[in-house]
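Next come the chains, spelled out residue by residue.
There are 2 protein chains.
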Amino acid sequence: MAEPLRIALAGLGTVGAGVVRLLHTNAALVGARAGRDIRIVAVSARDRSRDRGVDLSAFDWCDDMTAMAARPDVDAVVELVGGADGPALTLARAATREGKALVTANKAMIAHHGLALAQAAEEAGVPLKFEAAVAGGIPVIKGLREGAAANHIGRVQGILNGTCNFILSAMEQSGRDFADVLAEAQALGFAEADPSFDIDGIDAGHKLAILAAIAFGARLDFAHVSCGGIAQVRAADIARARDLGFVIRLVGEADIDVGAQRLLQRVRPCLVPRAHPLAHVDGATNAVVAEGNFSGRLLFQGAGAGDGPTASAVVADLIDIARGESHPAFSVPVGRLAAMQPAEPGDRLGRSYIRFTVADRPGVLAEITAAMRDAEVSIESLIQQGQPNAEGDVLVAMVTHEGPEQCVTRALELLSGAASLTAPPLVLPLLEA
Amino acid sequence: MAEPLRIALAGLGTVGAGVVRLLHTNAALVGARAGRDIRIVAVSARDRSRDRGVDLSAFDWCDDMTAMAARPDVDAVVELVGGADGPALTLARAATREGKALVTANKAMIAHHGLALAQAAEEAGVPLKFEAAVAGGIPVIKGLREGAAANHIGRVQGILNGTCNFILSAMEQSGRDFADVLAEAQALGFAEADPSFDIDGIDAGHKLAILAAIAFGARLDFAHVSCGGIAQVRAADIARARDLGFVIRLVGEADIDVGAQRLLQRVRPCLVPRAHPLAHVDGATNAVVAEGNFSGRLLFQGAGAGDGPTASAVVADLIDIARGESHPAFSVPVGRLAAMQPAEPGDRLGRSYIRFTVADRPGVLAEITAAMRDAEVSIESLIQQGQPNAEGDVLVAMVTHEGPEQCVTRALELLSGAASLTAPPLVLPLLEA
Numbered sequence: 050m051a052e053p054l055r056i057a058l059a060g061l062g063t064v065g066a067g068v069v070r071l072l073h074t075n076a077a078l079v080g081a082r083a084g085r086d087i088r089i090v091a092v093s094a095r096d097r098s099r100d101r102g103v104d105l106s107a108f109d110w111c112d113d114m115t116a117m118a119a120r121p122d123v124d125a126v127v128e129l130v131g132g133a134d135g136p137a138l139t140l141a142r143a144a145t146r147e148g149k150a151l152v153t154a155n156k157a158m159i160a161h162h163g164l165a166l167a168q169a170a171e172e173a174g175v176p177l178k179f180e181a182a183v184a185g186g187i188p189v190i191k192g193l194r195e196g197a198a199a200n201h202i203g204r205v206q207g208i209l210n211g212t213c214n215f216i217l218s219a220m221e222q223s224g225r226d227f228a229d230v231l232a233e234a235q236a237l238g239f240a241e242a243d244p245s246f247d248i249d250g251i252d253a254g255h256k257l258a259i260l261a262a263i264a265f266g267a268r269l270d271f272a273h274v275s276c277g278g279i280a281q282v283r284a285a286d287i288a289r290a291r292d293l294g295f296v297i298r299l300v301g302e303a304d305i306d307v308g309a310q311r312l313l314q315r316v317r318p319c320l321v322p323r324a325h326p327l328a329h330v331d332g333a334t335n336a337v338v339a340e341g342n343f344s345g346r347l348l349f350q351g352a353g354a355g356d357g358p359t360a361s362a363v364v365a366d367l368i369d370i371a372r373g374e375s376h377p378a379f380s381v382p383v384g385r386l387a388a389m390q391p392a393e394p395g396d397r398l399g400r401s402y403i404r405f406t407v408a409d410r411p412g413v414l415a416e417i418t419a420a421m422r423d424a425e426v427s428i429e430s431l432i433q434q435g436q437p438n439a440e441g442d443v444l445v446a447m448v449t450h451e452g453p454e455q456c457v458t459r460a461l462e463l464l465s466g467a468a469s470l471t472a473p474p475l476v477l478p479l480l481e482a
Numbered sequence: 050m051a052e053p054l055r056i057a058l059a060g061l062g063t064v065g066a067g068v069v070r071l072l073h074t075n076a077a078l079v080g081a082r083a084g085r086d087i088r089i090v091a092v093s094a095r096d097r098s099r100d101r102g103v104d105l106s107a108f109d110w111c112d113d114m115t116a117m118a119a120r121p122d123v124d125a126v127v128e129l130v131g132g133a134d135g136p137a138l139t140l141a142r143a144a145t146r147e148g149k150a151l152v153t154a155n156k157a158m159i160a161h162h163g164l165a166l167a168q169a170a171e172e173a174g175v176p177l178k179f180e181a182a183v184a185g186g187i188p189v190i191k192g193l194r195e196g197a198a199a200n201h202i203g204r205v206q207g208i209l210n211g212t213c214n215f216i217l218s219a220m221e222q223s224g225r226d227f228a229d230v231l232a233e234a235q236a237l238g239f240a241e242a243d244p245s246f247d248i249d250g251i252d253a254g255h256k257l258a259i260l261a262a263i264a265f266g267a268r269l270d271f272a273h274v275s276c277g278g279i280a281q282v283r284a285a286d287i288a289r290a291r292d293l294g295f296v297i298r299l300v301g302e303a304d305i306d307v308g309a310q311r312l313l314q315r316v317r318p319c320l321v322p323r324a325h326p327l328a329h330v331d332g333a334t335n336a337v338v339a340e341g342n343f344s345g346r347l348l349f350q351g352a353g354a355g356d357g358p359t360a361s362a363v364v365a366d367l368i369d370i371a372r373g374e375s376h377p378a379f380s381v382p383v384g385r386l387a388a389m390q391p392a393e394p395g396d397r398l399g400r401s402y403i404r405f406t407v408a409d410r411p412g413v414l415a416e417i418t419a420a421m422r423d424a425e426v427s428i429e430s431l432i433q434q435g436q437p438n439a440e441g442d443v444l445v446a447m448v449t450h451e452g453p454e455q456c457v458t459r460a461l462e463l464l465s466g467a468a469s470l471t472a473p474p475l476v477l478p479l480l481e482a
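Chain order of the listed sequences is A and B. Each residue of the first sequence is one higher than the one before, starting from 50 at the first, in my numbering. Each residue of the second sequence is one higher than the one before, starting from 50 at the first, in my numbering.
If you are wondering where the hints come from, they were derived from the structure by calculation, not from laboratory data. Each hint should be verified, as a subset may be incorrect.
A few chain B residues facing chain A, derived, Cβ under 8 Å [as the list claims (entries may be wrong)]:
hint	residue
1	L71
2	L78
3	G186
4	G192
5	E195
6	N200
7	S361
8	V364
9	D369
10	R372
11	E374
12	S380
13	G384
Glycine included, each C-beta is placed from N, C-alpha and C at the ideal position.
Start from the sequences and build out the full structure, keeping to the hints where you can.
What follows is the structure in structure tokens.
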């Protein structure tokens, strides 16, 4: 058997400890699959004294994590520190500069600096891999970059944030409202104390930008991802969606106008029809749908986070590196990625769910429907809640016929400032089955 | 750019024509992903005169398909002829002998001869790849061999035959019976004129044996796959299953007793609970679920057949070959695959759906339930159809509590030959969610 692949591991949180555990527990299997042993030689983290439930005594402890990249006894650096910049980025740059392979689970860093890191890795002739950065244990980066490699992919859609999906699923099952379920998720450890990265759609946006670059062979462009979150979704919206045959999920969606080479990237809660594969993704599960021009629709689904699944993805990358696999990080070399303009969504055709929170008095419905008419939004169905809620508000929800998105935007502009609206309206697109 | 990868293509049915079309339509993308062009130089099929809707004029036509493997201007052979033996096997052996890479979509050949072919390919130092042989366009072989490579996989389950899934879905939606729906599927081209390979579970068994070898790192063992089919499933069974919260699907399932190194491989219709990912796989779609000890449950889903999806998988293999990817065909070299004994299913614990077709007269239920008692099968629920059917038969269906499978077998033995049973009973296992 060949020489072992020697690893420096930076970051010993739950995922780092998971990698240590996996490489110990599955050592023989990993060696057989990789064709050689994968061996941790050095580790680094902020706090040396913390008990992580794994035995680190066989590894060199390094206080200076960046210096690990320069060690001659290290072939590959695994970055599990997190954060778009700071120590993670410093380490990533050092690894490439020192000619070491780099594996990371850091979606924020890849979303912001992935192109520059990939370029540097190509110039140094070393692999850069980040399967764990998107959808945890699901091998979706490999699936798109290699499994679907023969296809022009026109669209990717994904449930990319387990926290949001956990919350929406729990709201659906319990009928409880967002704040309530979020508090419970925080208590259970399914949501961070500061959950804004998750619930505002930023984390999903990071992952979507990475997927889009790989799927479309486009230059990664997180700056033009439109990120929306789930905090405005109410239990009443979920109940209405269910009555209409839909579930509400936070969906990251990217597509390209093939002719125009324009890229649209959006994260937002959507009404997903039950016939769509994403409608059956519950709890903290992640899933990605990609539509290839020959493969048709592919679905990849599994655990989107957690120490075990994330470690599974990190070690899969290490096995590829140990085998000498050398795919470009984003499917094709950075210089061959297409520079796409952001697409204007306004003339896209679609159906929308629109929910208004209104004062319970006469004339409100006439005002809303007049604005719809004036903006040329055609209403397919309209549901008015019978009873006002505790604040005396009534919810009015409608589903539009298919039409340009900009008409809905226009209707809401016409209604902006209307005294009868007691809260900003919520617009959720309906996905096609 | 490097020299092109030069292909000889044998077999020009729908899949072969699909490969020609894909390599033409997506030529630039395929070249970018592969790092070099992939170019067909020679083709062969039985009938030269047939119009296949693709332009073959740029390729050398070869009447002797085996001779293509010896051409010095060919780097890789694509075998799309089909059949476990005969010309396909002769060509496959010739390709390896001549030091050529081999790509095939031929599940029967791989199920029967995959180990010998992989051994020969290893000895010759050439790739053998067959992504298209299992689940059409879904990159599940890559997903298990590489994406989940870091995991001990304990179980794989799959909907592996699109024809059966199409028929069961159509029965479910229309309430019609098997023979009726099969005839329609044949008329629509979704089922072969001789459908036995599909509906008897043989085709799914081929695919299951291949998946099991890759997932468990075990020697491929099609001889010990127990293959059952769907011809005995009635519309009434589907209706009963639905009332109980299940759908009926033909599921291929393989698992290992890790300690004992015993392998169980079975294809049979199962009751799938709605919370299981396979419950939402409708029509000709295929799906595979694999459970890794770190990844957790992974689901891969997509089109299981058709010219486009199958061509997508064939060309993905060619791109890997063009890039110099060199994974062993079954995850690890043939010599390192575990030789597992077939497991005895009798002491497995599970719940079963059992449906009896009985004469409509007193005492029948007492006879059945006495046999259950004597065999120590505990009945969870029992449903007797109110009205006899056209033949004067009544259906009696029950669901058992969890218990050893051999108890159900024993109960049916006790009832065998009973005058009140007018047809052999049907036993369908209930999958766990």
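Taking the hints in turn, this is what the structure says about them:
1. Against a cut-off of 8 Å between C-beta atoms, the interface hint on B:L71 holds, since the closest Cβ of chain A lies about 5 Å away.
2. Satisfaction of the interface hint for B:L78 is found here, the shortest Cβ-Cβ separation to chain A being roughly 6 Å, below the 8 Å cut-off.
3. Interface restraint check: B:G186 against chain A, minimum CB-CB distance 4 Å, threshold 8 Å, status holds.
4. At a threshold of 8 Å, the smallest CB-CB gap from B:G192 to chain A is about 5 Å, leaving the interface hint in force.
5. For B:E195, the suggested interface contact is upheld, since its CB lies about 6 Å from the closest CB of chain A, less than 8 Å.
6. Below 8 Å, beta-carbon pairs count as interface contacts, and B:N200 has one with chain A at about 6 Å; its hint therefore holds.
7. Nearest Cβ of chain A to the Cβ of B:S361: about 4 Å, under the 8 Å cut. The hint holds.
8. Here the hint on B:V364 is kept, as its CB sits about 4 Å from the closest CB of chain A, short of 8 Å.
9. At a threshold of 8 Å, the smallest CB-CB gap from B:D369 to chain A is about 7 Å, leaving the interface hint in force.
10. The interface hint given for B:R372 is met, as the beta carbon of that residue sits about 7 Å from the closest beta carbon of chain A, less than 8 Å.
11. Contact between B:E374 and chain A, as hinted, is supported at the beta carbon level, the nearest pair being about 6 Å apart and thus within 8 Å.
12. Because the closest C-beta pair between B:S380 and chain A is about 6 Å apart, less than 8 Å, the hint holds.
13. Evaluation of the B:G384 hint against chain A yields a violated restraint, the C-beta minimum of about 11 Å exceeding 8 Å.
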